[in-house]
Structure formats: structure tokens, C-alpha cells
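Going down the list, the protein sequences come from chains C and S. In this text, residue positions in the first sequence follow my numbering: the first is 745, and each later residue adds one. In this text, residue positions in the second sequence follow my numbering: the first is 1174, and each later residue adds one.
These aren't lab readings, by the way, just hints derived from the structure by calculation. Owing to the predicted nature of the structure, the values given are computational and were not obtained by experimental measurement. There's no promise every hint is true.
Said to hold, decoys possible - Facing chain S, according to a computed beta carbon distance under 10 Å, are these residues of chain C, among others:
1. Ala941
2. Leu1018
3. Phe1074
4. Ser1084
Glycine residues also receive a C-beta, built at the ideal position from the N, C-alpha and C atoms.
Listed below, chain by chain, are the residues.
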Amino acid sequence: MDTEKLNSTCCPPDAPPADKGVKSTCCAGPGRAPINLSASSGIETVTSELTLSDRFNAVRCRLGGFRMHYIVRPGIYAVGAPGPDSDVFVSANYRLSFNVLRRSLRNMNAWILVIDTKGINVWCAAGKGAFGTDELVGRIFETRLSNIVNHRRIILPQLGGPGVAGHLVQKQTGFKVLWGPVNAADIRAYVEAGYKASKAMRSVRFNLFDRLILTPMELVPALKIFPLYALAVLLVFALAPTGISATGAEAYGLPFLVMAGAAVFSGAFLTPVLLPYIPNRSFAIKGWLTGLLTTVVAARSIGIYSMPDALIIMTFVFFPLLSSYIALQFTGATTFTGPSGVKKELRYAMPLYITAAGASIVLIIAFKLSQWGVL
Amino acid sequence: MIYLKDVTTLRLDTTACTGCGRCAEVCARAVFEMRERKSVIIKPDACIECGACAKNCAYGAITVTSGVGCAAAFINGMLTGNAPECGCGPKGSSGCC
Ligand code: SF4
Ligand code: SF4
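The shape of chain S in the complex, shown without the other chains (with noise of 0.2 Å):
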């Protein structure tokens, strides 16, 4: 299933790519496709901003800003002007995740 259209903030800096294929690999979105020996977005929509590319892109060629995708999370951290957490953390009991 694919979420709202253009909202994710991934972005790929194809100059610094050196086409290791580490992104590709490590994404469970399949937001990647290795063409021509570099990375490609080609499925913007389905990214879920979880970071793991970013994290494993040893040339940092990849920017994203991650975080939980839960609302209850967001809420929370309206309420107590925390970050937004999810509650699968040490305090709470019934956890988003």
C-alpha cells in the first residue's frame, strides 16, 4: 500500500553515488533501483522515511528526514511538547509499533 502522494523529504545526491547498491538493498519500500551503476528513486511515494538508507549510505549521498510515521506519537508530543515518540518505549504499556 502506498500512503499521501510527494510528502516524503528523501532526497539523492546522484553526483556523490558511488552505486554500491547499499540503499537498494536495505530499503523495505523497494524505493530503489540500481540503473546504470548509480542509485534511483523510483518510487518516491512508498517511502516511509525510516532513515535506513541514509544510515547505510557510507558516501552520504542520501538525505531523509526520519521519524515514527504515528499519529499517536505526534499527538503526545503535542501534549507534552516532547519529541514525538512512539509508546513502545520503557513507559508506555500498549505501544504503536
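Here chain C stands alone, though its shape is the one from the complex (with noise of 0.2 Å):
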């Protein structure tokens, strides 16, 4: 039972031991023995169970800027009583990724090898060549992997392929590499097929629940932007020629503020969530669809109908935009979205998005100055 100890390995894979006088509260602070894992064996036992702090972590994880540290050291782990015969498993040193692996192990003895990804998960560190075919085989030799198991095969998580030629691990050391499943929660079925992963299990899926998880890193970027684009709209609207004028402010900018808030909810959440149900296939579209809808109904309830023509306008060409450039952020969180086709789309939306700023500065500047009597 060493849960406790592993959730305090927050140290990266090449911290300094502490007795070399490193002061760090981090992995060897002070009354707290360095996590060693090449200690005698070098092999750390694992629970499959998560600990309420796990899933705490889970959260903060995908709330961004904690994913950092949040390693796992690389080497072989063990979980439940593996022999010389059990099933090694690859994993990235993402802990997510790990906590999801050793769960999925539950009431199996099996080995885990994990990889030094820097952190990132599989299919992440798959794509940059973190998780790759040097990486894998340099820790297949340094862990020994060879004298700990007879068999010569090793599973990899299907995502990892991006990254891994699993014919040259092969060549390399011997070890003949297994595609797992996508999912971990399916490795039991799998093992049980005889290592052999049904259509579905090949296949990632994304469905409602995969995309709501994902929001928070939708709006977490856009909500940090907004006090700053709050200030300036304030600032503009309260501008006056005798100074500033707190009811322009009033008037004119808190609604803004509200259409913002809208453009950014319809971009970074209602479009994510309803993908499959907007039409067209674009993203840039999609957002710029249900951005239309949202900017209708926002502007609508809090009267910008009743506003000068210039900032009607303003309303209709920035706002639904934004909500479409939001949406279009969503292409990295999804699983089904290439560069080819993101580049297409940025090939045409980027200028559409440069010139509706554009111009909406130029209603904003139009309607001061009309304000002001000078127009």
C-alpha cells in the first residue's frame, strides 16, 4: 500500500537526491525520504484504487496550470503480485494517465513501465515524439525489462502509435509490441480476447462527456482575458468630451460586457457541448452559428435594440465572431479534427476575424464621435 508515498512524487524524474544539500520541500523536504525507486528491486508496488486525493488532483488537472507537476517517475511499477509471465503495460508519466492505467489493473497482477513523456499524456507526448520509439526502448534496456519477465511483449496504449514504430522497438530489443486498446477500462475484455481489441475499442470516442470535461480549458483562457477587455470597454463607453462620464459607462458598457460574456459562453461551452448537432462540419461555422443565436438572444433581453445603428451593427459582426474564433480553439481539445482541415479553416476565417475587429473599432469610433456632435 503505497499510494501515499507515490502522490508525493511530484519531483520531476531528474530532481537532485536530497542528500546532496538540495533544498526542496517539493521531493525531499526536510524529514522526508527521497522516493527511490531503483531502491534494491527497483520496483514500486502500486494499488489500482484512487485515493479521494487522486481524483482531487483529477480536477485541478483539468482546470489547467497544475498539469505541470504532476509526474510520475519513470520505471516499472508493479501491481497486485506480477510474475515472470504477467503482462507489461506502457504508460506515460502523466499521473492521470497512470491512475487511469492502475485502476483499470484492479484484481490483476501485471507490470507497468512507464516512460518519461515529461509529463504529458499519451496522446499528446505521442504527437510531439515524447512518447516515441527511442524513449520506450532506452527504458526497456535501463529497467531490465528483460530479466524481470520471460515473455517478450509489451502493451502499448493504442494512442501511442503517433509515436511509436512498434516494428523497431522490436528490431531493437526484442520486445514485440502489442497495440492495447484506446481506452484502459477496456483492457481486461481485451486481454481476455487473447490481445485482441474489438472495432470499438480501436476507436476513440467523443461523446457528451468527453467534451463537457473539456470546457473548463475552454473558458479558463477566455475568462482570464475578460477584467482587460472589461476595462477598455468601460473606459471607451465612459469617455466624454467634459471627461469621464460614468451613465456612458453605464449605458453602453455594461451591456457590452454582457454581449461578451455571452459570445464567450456560446463559443467556449454551448458550441463544445452541441457539437454534433450544429450544422456544418466547420468550427469556425459552428461557433459563428450558435454565436448568432446567443448574440440574438442577449442583445434582445438587455436592449441593445433600442442603441444608436453603429453599435447594432458593431453587435452583429463582432460578437458572433468572437463566439466562432472561440469555438474554433476547440479544435484541440477534440479527436477528430487534423491539420489539414484547421488550416483550411484558418486560411479563411483568420482575415474574416482581423477585419471584423477591425471595423468594429471603427462603429465604436463612429458612434463616439456621432456622440460627441462631431459627426
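With the hints as a guide, dock the two chains, each given alone in a separate frame, to form the complex.
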């Protein structure tokens, strides 16, 4: 039962050991022994149960920022009581991936080979090459895997495919790469079926829940910029020939804060969640359509229509496209968008966004000038 | 779900294919199907250009220009002049993946 111990391995794999006089509260704080996975057997045993703090950390990770400190030390780990014939599962050293894997191995006896992916999940790391052939080959030799098991097969998460060339691993180490299922939850079924994954197990899903848990990652960056936007908008509408006018800020500034909030909600939440039900394949267009609808509704409820024409036009030029821009960012979180498609979208959408932003500024200036009686 | 049509850079050279089936196994988007001991691209529009198939074809029968399907990566790339990279690297805190 070393879960407690594992929870404190927040140090990067290359962190200096404590006995070199390095003071770190993280991995070797006062009175705490450094986690040494290479001690004697070189094998750490982990439980397959997740603790409350594992779950809490999972939530924190979803919110971003915290993810970089969420690293498992590379090496070989034992789940249950594995022997020389037990299966070897390869994992990224991103703790969420590792946790999901060890939970899926509940009541099984198996080895987990954690390779150094710089704390990044399998899919991202494979795309960058960190979950790669060389790292895996090196780790197989370093852990002396061939002394630990008698067989010569390792099971990799299928999503590691973009980074690892199975045939090269076999050529260099003798270990045959078996591609496990996409989801660790299917591992038991995969093993029981004689290392065969069904078509469903081979495909990435992207259901409502998958989309929902990703929306915080979309909302957080937008909300970070929001205060700056709010300040600028309030200031612009407060500006009067006589100085600063609070009524101007209130009459025009506040409604436009609400409109921006609606556009962010539309682009970062509504569009991702309703993705399959919004017409068109393009994310930019999906986001624009949802944004248009939100803008119509929000504009009505806060009385944009009684404003001067320049501001009404600006509302419908700017906010649906803001939603579109934010929705386009969600391509990074999905499992079915490729670079060629994204590039194609950006080629037509970026000039449009820039033009619309420019036009909106011109419209606001026109409004201000007519307000001041210049125009 | 399926993204844009007719954009993938995926190409399969049937003459070089030995029918080993690795591509169909490793592709998470069910793009290939094995027919009469050859691999066939049955759903090109489902391809996300991840590169897994090309990487795992020992016979070099597959080519694809792989990369990340992430708008933020390309926008960052345009702004900084660097290669598109998603924010899940050591520098980025809130990644795109
Ligand atoms: S991996 Fe290459 S050789 Fe094997 S079936 Fe696919 S294309 Fe053919
Ligand atoms: S690039 Fe990826 S998604 Fe496209 S066919 Fe190959 S493995 Fe499948």
C-alpha cells in the first residue's frame, strides 16, 4: 500500500537527490526521504485504487496550470503480485494516465512500465515524439525488463501509435509491441479476448461527457482576458468630451460586457457541448451560428436594439465572430480534427476575424464621434 | 464525428503494402480496412493525420503529413514564427489537448 508514497512523487525524474544538500520542499523536504524507485529491486508496488486526493488532483488538472507538476517517476511498477509471465503495460508519466491505467488493472497482476513523456499524456506526447520509439527502447534496457519477465511482449496504449514504431522497438529490443485498446477501461476485455481489441475498442470516442469535461479548459483562458476587455470597454464608453462619464459606461459599457460574456459562453461552452447537433463541419461556422443565436437572444434581453445603428451593427459583426474564434480553439481538444482541416479553416477565418475586429473599432469610433457631435 | 472533407494528406501505396494489417490496428479512426490481403483507405475524411499508420508501416507504404489539429497551435505559430505546437509542452500551462 504505497499510494501515499506515490502521491508525493511530485518531483521531475531528474530532480537532484536530497543528500546532495539541495533543499526542496517538493521531493525531499525536511524529514522526508526522497522517493527512490531504484532501491534494491527497483520496483515500486502501487495499488489499483484511487484515493480521494487522486480524484481531487484530477479535477485540478482539468482546470489547467497544475498539470506540469503532475509527474510519475519513470520506471517499472508492480500492480498486484506479478510474476515473470505477467503482462507489461506501458504508460506515460502523466499521473492522470497512470492513475487510469492502474485503476483498470484492478484485481490483475501486471507490470507497468512508465516511460518519460515529460508529464504529458499519451496522445499529446506521442504527437510530439516524447512517447516515442527511442524513449521506450531506452527504458526497456534501463529497467532490464528482459530480466523481469520471461516473455517478449509489451502492451502499449493505442494512442501512443503516432510516436512509437512497433517494428523498430521489436528490432531493437526483441519485445513485440501489442497495441492495446484506446481506453484503459477495455484492457481486461482485451486481455481476455487473447490480446484482441474489437473495432469499438480501437476507435476514439468523443461523447457528451468527453466534451463537457474539456470545456473548463476553454473557458479559463477566455475568462483570463475578460477583465482587460471589461476595463477597455467601460473606459471607451465612459469617455466624454468633458472627461469621464459614469452614465456612458453604464448605458453602453455594461451591455457590451454582457454581450461578450454571452459570446464566450457560446464559443467555449455551448458550441463544444452541442457540437454534433450544430450544422456544418467547420468549427468556425459552428461557433458563428451558435454565436449568432446567442447574440440575438442576449441583444434582445438587454436592449441593444434601442441603441444607435452603429452599435447594433457592431454587435452583430463582432460577437458571433468572437464566438466563432473561441469555438475554433476547441479543435485542439477534440479527437477528430486534423492539421490540414484546421489550416484550411484558419486560411479563411483569420482574415475575417481581423477585418471584423477592425470594423468594430471603426463603428465604435463613429458612434463616439456622433455622440460628441463631431460627426 | 467527421471533420472537413477532402483535406487529408494521407496516401497509401498499394503496391508496397504487404497486408500485415498494422495500419488498421493502430489507427484510432478506423480509416483502413483489410481487403484481399491489402489495406484499403475506406474513410479518408475520418483521418486526423496523427501519423500512427505511417510510423507503424514497416514497408513504407503509407505517407501522411502529420501534426496537431489545433487552431491555437497554428495561431501561435503564425504569431511567433515557430512551428505549430500545442500548449501541452513544458512551457504552456493550459494546453490544447
Ligand atoms: S501497415 Fe503497411 S504493409 Fe501493413 S497493411 Fe498497412 S499499409 Fe500494408
Ligand atoms: S494518420 Fe492517423 S487517423 Fe489518419 S489514417 Fe493514419 S492512423 Fe488513422
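(message) Holds or violated: the hint that Leu1018 (chain C) contacts chain S, with Cβ atoms closer than 10 Å.
(response) violated, 12 Å
(message) Does Phe1074 (chain C) hold up as a contact with chain S if the rule is Cβ-Cβ below 10 Å?
(response) Hint holds; Phe1074 (chain C) Cβ to chain S Cβ min 8 Å, cut 10 Å.
(request) With a cut-off of 10 Å on the beta carbons, see whether Ser1084 (chain C) makes it to chain S. (result) holds, 4 Å
(request) Closer than 10 Å between Cβ atoms is the bar; does Ala941 (chain C) clear it against chain S? Give me holds or violated. (result) holds, 8 Å
When held up to the earlier numbered hints, the structure conflicts with hint 2 and nothing else.
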